[in-house]
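Start from the sequences, fold in the hints, and give me the full structure.
Order-wise, the sequence lines are chains G and Z.
Residue numbering for the first sequence follows my numbering, beginning at 11 and increasing consecutively.
Residue numbering for the second sequence follows my numbering, beginning at 11 and increasing consecutively.
Identical chains blur together in the list; that is why a pair holds if it fits in one copy or across any two.
DSS-like, lysine-lysine: derived pairs with alpha carbons at most 27 Å apart: (1) 66 - 88; (2) 49 - 18; (3) 70 - 18; (4) 33 - 66; (5) 66 - 96.
Derived by calculation from the structure, the hints in this document are not laboratory data.
There are 2 protein chains.
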Amino acid sequence: MSLQNTIKPTESELEILQILWEKGNCTVREVHEILTQHKEAGYTTTLKIMQLMHEKGLVKRDTSSKTHIYSALASQQKTQEHLVSKLIDNAFSGSAARLVMQALGNHTSSKDEIEAIKKYLNDLDYK
Amino acid sequence: MSLQNTIKPTESELEILQILWEKGNCTVREVHEILTQHKEAGYTTTLKIMQLMHEKGLVKRDTSSKTHIYSALASQQKTQEHLVSKLIDNAFSGSAARLVMQALGNHTSSKDEIEAIKKYLNDLDYK
DNA sequence: TTAGTACTACGAAACAATTCGTAAATACAA
DNA sequence: TTGTATTTACGAATTGTTTCGTAGTACTAA
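As structure tokens, this is what we get:
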């Protein structure tokens, strides 16, 4: 069993992981372009963070050509689990339901999303 | 409009805020006792963090007697909103529903909690 | 009054995260 | 070949968080 998924990504790392989860393989340049749509950042800053992520085992990279290709190693599922779990403990006194209502109350969810959650809840009943 | 609620508490600060939200007024000693049920920490460490929280405006304190009495200034509601919102953006690509299902799937929620959420969802429909 | 205990204040060390400058290597075009 | 651009690697500065030791002060019991 590897440890990589238990490592807690920082906020910057999480931003990058999200891009990698979405896109699959990316160069530093590609990640950087996407990042800078939302915020200011120097290219070498992005590079450095991705290099550190590599050291930590959060990403892997193909260095066979000059421009390296990065992809996520940290599992999206595990990372999300970990973050949600931590948030529930840290800020919602361990109550998942309170977090859920908070999340639903303050983010506009589409009718489809609401229906999906209802269905999900009904299925939970029969377990 | 004050800024204090927009300040993002650190993890340690959040642990302490949770205690203050729950208990109301506390001495450093009381907070420290509760904290050390779960983890190791020196007394002056807890003290120092609470002093910094005071400087940041996360808590207020009554210094009229030798032993200071602390209470939360940061609003529980606003802080939770902020954290949930950040998590949805940071790790769930902006989808509240995905976070909700993650939260429900990996934490045992009581039947009552589930019912409360269902009711909540039904009420949402009629807004 | 004196010894011991509990508390605050403060400084500094240790650690982690972020940012960026610069140098070296590579590729490519003129 | 020579110059320009792109990329990686690396070191260092900066900032923020956490931890704890020590000193000074107040309270309390003997």
